[in-house]
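Undergrad: Going down the list, the sequences are from chains Y and E. Okay, so the first sequence: first residue is -12 according to this note's numbering, each after it adds one. Okay, so the second sequence: first residue is 8 according to this note's numbering, each after it adds one.
Please keep in mind that the hints were generated in silico from the structure rather than gathered at the bench. Computed from a prediction, not measured in an experiment: that's the story for all the values here. Treat the hints with care, as some may be off.
Distance windows between CB atoms, simulated [what the hints assert, rightly or not]:
| hint | chain 1 | residue 1 | chain 2 | residue 2 | range |
| --- | --- | --- | --- | --- | --- |
| 1 | E | G209 | Y | H100 | 46 to 56 Å |
| 2 | E | V307 | Y | D23 | 32 to 42 Å |
| 3 | E | V64 | Y | A9 | 26 to 36 Å |
| 4 | Y | L99 | E | D272 | 33 to 43 Å |
Under the rule of at most 30 Å between Cα atoms (straight-line distance), these lysine-lysine pairs were calculated in the BS3-like manner [as the list claims (entries may be wrong)]:
| hint | chain 1 | residue 1 | chain 2 | residue 2 |
| --- | --- | --- | --- | --- |
| 5 | E | K128 | Y | K41 |
| 6 | Y | K102 | Y | K49 |
| 7 | E | K158 | Y | K102 |
| 8 | Y | K46 | Y | K102 |
| 9 | E | K276 | Y | K36 |
| 10 | E | K93 | E | K276 |
| 11 | Y | K41 | Y | K102 |
| 12 | Y | K36 | E | K158 |
| 13 | E | K301 | Y | K102 |
| 14 | E | K301 | Y | K46 |
| 15 | E | K276 | Y | K46 |
| 16 | E | K93 | Y | K49 |
| 17 | E | K158 | E | K128 |
| 18 | E | K158 | E | K276 |
| 19 | Y | K46 | E | K158 |
| 20 | E | K276 | E | K128 |
| 21 | E | K344 | Y | K49 |
| 22 | Y | K36 | Y | K102 |
| 23 | E | K158 | Y | K49 |
| 24 | E | K158 | E | K93 |
| 25 | E | K344 | Y | K41 |
Stretches of chain E that chain Y covers, calculated by requiring three or more beta carbons in the stretch to come under 8 Å of a beta carbon on chain Y [unchecked claim]:
| hint | segment |
| --- | --- |
| 26 | 161 to 167 |
| 27 | 306 to 317 |
We put the CB at the ideal spot given by N, CA and C, even for glycine.
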Amino acid sequence: MEHQRRALVRWLLGTGVGASIASFLYPAIRFMDPPDIPEAPVNEAPAGKIQDLKANSGKIVKFGSRPVLLVRVDESEWRAFSAVCTHLNCTVQFRDDTHQIWCACHNGLYDLHGKVISGPPPAPLEEYTVRLRGDDVVVARRT
Amino acid sequence: MPTEPVIPTESEPGWFDQRLGLASLRRLMGHKTVPLHSASIWYYFGGITLFLFVIQVLTGILLLLYYRPTTTEAYESVQFIMTRVKFGWLVRSIHSWSSNLMILAAFIHMFSVVFLHAYRKPREVTWLSGIALLGLVLAFGFSGYLLPWNKVSYFATKVGTDMAGSVPFIGAYMARFLRGGNDVGGATLTRFFGFHVAVLPGLMTLMLMVHLILVQMHGMSTPPWVRNLQARQMPFFPNFFLRELMAWYGALAVLGALAALLPWDLGEKADPFSSAPAGIRPEWYFLAPFYTLKLIPSHVWRVEGELVGLIGFALLAFWWVALPFWASTRDGLGRTKLVTGAGVLLIAYLVTFSALGYWR
Ligand code: HEM
Ligand code: FES
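Next comes chain Y alone, as it looks inside the complex (with noise of 0.2 Å):
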């Protein structure tokens, strides 16, 4: 009887205290989760004039809020990539040296095609459109 009582006690009281702990981790852990901020869908943005990249080189230009890198492989030929390297996320670059884009990072080589050449990158890197209005270079979004 005594022995029941006090079990009964003792439940109350875990069971008590436990839900007033979830009930205060509950929130704090929704909190620490940051909330969406909804950025405009961006399917193009202007990457500047046709003179101010000479050809074999490369730049990156602003995609939103996402960096893209823009080739002028030569005189007539443009491409774009997404510039976040597939690995860790590093910024890539053109290497006018190999005609190649590089990850300083670890060492990731992917060719003008967007595809890996060497190093740790699991995957392509993203192919954007280039289009030429004008003087202006837009980079596009692949649909």
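Chain Y is fixed; fit chain E with the ligands onto it per the hints.
TA: Chain E with the ligands alone, transformed into the frame defined by chain Y:
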């Protein structure tokens, strides 16, 4: 009726003694002794780590007077500290150098515990609390590194938090939790600042207390090869303490010389729209995992390389954390040779991979 005779024990305790119980504290200190043997010098490194932590707290509080944790102001505020604030360059240089020396001291301390076999029963929990402290110190280093918001620290944080993201199941949540969003940016800086100056100091203080209480409770361990346990001991207070004080002066001299002669560099301001600079690499204490990541190919069989690396590091860490539990057989015999071998192997891995990561 005659009153009980007063037995004079010690002199009447003083005002403070009566109110604060200092006598029991003194008795506690008096009991502690430090074994004297050929490897006694390694007993100083825990204390040196503690000393450098105190320096971090003090210089960190000074930096807080001027530092501003936003992407538009962080770099400029550190620049302001270095160029305009009186002795600002020195305070920042000491904070940076001392963090490195502290991590070095913590590693030396850990390996000395391994090679002196001080993790043995009943000190398993002391070992675990020490490992927790090492983890906290590395977290301090990782979070503090981002605060000046320069190029290298920006990419180091991208890589580090992206690795957290490849943990199975909870990775995505962890990466978002660390970054305060989907990518490294202002929200990350705010969070890392909060970790660095509030969360980690709190946890560290708590863990330090646990660690020090356990050390005091169990006393200093004597290595198994020292036969005669009672042979030579040095009282902790004042003998060992005064020597430790001299070791602290030594550490201070090294720290002061490094901070003054090789002022810590600030680098270029971070720019999310620039490529990772050539020659980028993390702080030396993350070089070994960094170089390992570089070596792992994109896929091992059909699993992504980064996941393989992560699982490898996790297994290695688990094996090391559990050291006291595989260090003796069921019947309590120490596998001291095995442990020493494991320690030598781990040091060999860390040193060679760090060197390769640095030069290659
Ligand atoms: C209560 C303790 C601490 C406080 C209040 C504090 C505060 C700060 C502040 C305000 C900064 C930014 C200023 C700057 O970048 O120079 C900073 C940077 C930094 N902290 Fe701490 N800190 C503390 C402890 C530590 C510890 C224990 C470590 C060591 C592992 C550490 C490592 C670093 C590093 C590596 C930096 C970057 C230094 C740089 O490049 O400027 N901090 N800390
Ligand atoms: S992040 Fe690009 S190779 Fe690792």
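Undergrad: Indicate, hint by hint, whether the structure satisfies it.
TA: To see whether the hints hold, each was checked on the structure:
As the Cβ distance of G209 of chain E to H100 of chain Y is approximately 51 Å, the hint placing it in 46 to 56 Å holds. Evaluation of the 32 to 42 Å hint for V307 of chain E and D23 of chain Y yields a pass: the beta carbon distance comes to about 34 Å. In this structure the hint that V64 of chain E and A9 of chain Y lie 26 to 36 Å apart at CB holds, the actual value being about 34 Å. Between L99 of chain Y and D272 of chain E the Cβ separation comes to about 35 Å, which falls inside the hinted range of 33 to 43 Å.
Between K128 of chain E and K41 of chain Y the alpha-carbon distance is near 69 Å, which puts this suggested pair outside the 30 Å criterion. Proposed proximity of K102 of chain Y and K49 of chain Y is supported: the alpha carbons are some 22 Å apart, at most 30 Å. Pair hint K158 of chain E plus K102 of chain Y holds up; C-alpha atoms about 26 Å apart against a cutoff of 30 Å. Of the supplied pair hints, the one linking K46 of chain Y and K102 of chain Y holds, its CA atoms being roughly 19 Å apart against a limit of 30 Å.
For the proposed pair K276 of chain E and K36 of chain Y, the alpha carbon gap of about 26 Å is at most 30 Å, so the pair holds. Proposed proximity of K93 of chain E and K276 of chain E is supported: the alpha carbons are some 23 Å apart, at most 30 Å. Note on K41 of chain Y and K102 of chain Y: the hinted pairing holds, with a Cα-Cα distance of about 23 Å set against a maximum of 30 Å. Distance restraint check for K36 of chain Y and K158 of chain E: the Cα-Cα separation of roughly 27 Å lies within the 30 Å cut-off, and the hinted pair is therefore satisfied.
Distance check on the hinted pair: K301 of chain E and K102 of chain Y sit about 18 Å apart at the alpha-carbon level, within 30 Å; holds. Distance check on the hinted pair: K301 of chain E and K46 of chain Y sit about 25 Å apart at the alpha-carbon level, within 30 Å; holds. Restraint check: the Cα-Cα separation between K276 of chain E and K46 of chain Y comes to about 18 Å, which is no more than 30 Å; the hinted pair holds. With a CA separation close to 39 Å, the supplied pair K93 of chain E and K49 of chain Y exceeds the 30 Å bound.
Note on K158 of chain E and K128 of chain E: the hinted pairing is violated, with a Cα-Cα distance of about 47 Å set against a maximum of 30 Å. Taking the CA atoms of K158 of chain E and K276 of chain E, the gap is near 6 Å; set against the 30 Å cutoff, the hint holds. For the hint pairing K46 of chain Y with K158 of chain E, the CA-to-CA distance comes to about 17 Å; that is within 30 Å, so the pair holds. For the proposed pair K276 of chain E and K128 of chain E, the alpha carbon gap of about 50 Å is over 30 Å, so the pair is violated.
Between K344 of chain E and K49 of chain Y, the direct Cα distance comes to roughly 58 Å. Violation of the 30 Å bound is thereby established for this hinted pair. Using a Cα cut-off of 30 Å, the hinted pair K36 of chain Y and K102 of chain Y holds, with the two alpha carbons roughly 27 Å apart. Simply put, K158 of chain E and K49 of chain Y have alpha-carbon atoms about 17 Å apart, close enough for the 30 Å limit, and the pair holds. Taking the CA atoms of K158 of chain E and K93 of chain E, the gap is about 26 Å. The hint holds against a cut of 30 Å.
With a C-alpha separation of about 64 Å, the suggested pair K344 of chain E and K41 of chain Y falls outside the 30 Å cut-off, and the hint is violated. Taking a C-beta to C-beta cut-off of 8 Å, the segment 161 to 167 of chain E contributes 3 residues in contact with chain Y, enough for the three needed, and the coverage statement holds. Only when three residues or more bring their CB closer than 8 Å to a CB of chain Y does the claim for the segment 306 to 317 of chain E stand; here the count is 4, and the claim holds.
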